[in-house]
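Residue numbers (the working numbering), protein chains in the order written: chain A, 169 to 286; chain X, 5 to 119.
Simulated from the structure, these hints should not be mistaken for laboratory data.
Check each hint, because a few of them may be wrong.
Now the stretches of chain X that chain A is said to cover, found in silico as 3 or more residues with beta-carbon under 8 Å [to be verified]: (1) 50-63; (2) 66-80; (3) 106-113.
We put the beta carbon where it would ideally sit given N, CA and C, even for glycine.
As a plain string of letters, each chain reads:
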Amino acid sequence: AQSVTQLGSHVSVSEGALVLLRCNYSSSVPPYLFWYVQYPNQGLQLLLKYTSAATLVKGINGFEAEFKKSETSFHLTKPSAHMSDAAEYFCAVSDLGNYGGSQGNLIFGKGTKLSVKP
Amino acid sequence: KAGVTQTPRYLIKTRGQQVTLSCSPISGHRSVSWYQQTPGQGLQFLFEYFSETQRNKGNFPGRFSGRQFSNSRSEMNVSTLELGDSALYLCASRKTGGSSTDTQYFGPGTRLTVL
Chain A
169 AQSVTQLGSH VSVSEGALVL LRCNYSSSVP PYLFWYVQYP NQGLQLLLKY
219 TSAATLVKGI NGFEAEFKKS ETSFHLTKPS AHMSDAAEYF CAVSDLGNYG
269 GSQGNLIFGK GTKLSVKP
Chain X
5 KAGVTQTPRY LIKTRGQQVT LSCSPISGHR SVSWYQQTPG QGLQFLFEYF
55 SETQRNKGNF PGRFSGRQFS NSRSEMNVST LELGDSALYL CASRKTGGSS
105 TDTQYFGPGT RLTVL
């Protein structure tokens with residue numbers, strides 16, 4: 169069964185500093201991977217997704233993530249943090265069910281809350 | 005294009021009652037999925053509906069049920085509410101269902117509090 173582990177439930181960075189949010193996945197077959205962001209009292213917004221095309225995926229708001237099969241990782245980065253980036257970030261993998269085909273539903277990590285200090 | 009809408013946004017119920025939540029997907033989207041978000045368990049998949057049929061189901065008790073109408077709008081129902089059902093319930097829509105990797109677009113959620 170697939171699973172997602174996000175290292176660090178809270179990450180704090182200074183404005184202008186590099187943002188690095190870690191995500192490791194467990195999957196017996198090539199996965200489909202996603203990063204979502206959730207602002208307070210709002211739903212989830214897709215930042216980017218990996219579906220076996222380019223391993224470096226660029227998303228919205230300057231975020232990008234690199235799929236590394238050897239490390240089973242899909243870390244999210246942004247070169248320079250803005251105050252508006254403060255939110256909770258979720259890594260997710262598409263559930264492959266029992267037969268290796270995508271079921272479509274998402275399996276989420278526990279989330280990482282990002283704080284940005286002025 | 006309007007996003008996914010959920011009503012109501014906030015709901016307070018007491019134990020033993022039942023509740024119905026509503027979700028209107030993005031126009032043209034035929035799949036609706038429901039997720040429960042709690043501080044302890046995080047985000048968990050409840051079920052997915054596509055063309056009025058339940059396509060996939062998560063590991064939740066039978067008290068949780070849903071349906072989808074011909075216009076793709078969906079409702080989920082929770083009967084005999086328990087304190088542990090307090091959560092943010094998120095609805096997500098996408099163009100197609102099943103094995104497709106179409107992006108899921110989430111609504112703002114319904115915050116259910118059970119007293």
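These are the hints, each one checked on the structure:
With 4 residues having a Cβ less than 8 Å from any Cβ of chain A, the stretch 50-63 of chain X passes the three-residue criterion, so the hint holds. Under the rule that three or more residues need a Cβ within less than 8 Å of chain A, the assignment of the stretch 66-80 of chain X is violated, with 0 such residues. Check result for the stretch 106-113 of chain X against chain A: holds, 7 residues qualifying (beta carbon to beta carbon below 8 Å, three or more required).
In summary, the one numbered hint that this structure violates is 2.
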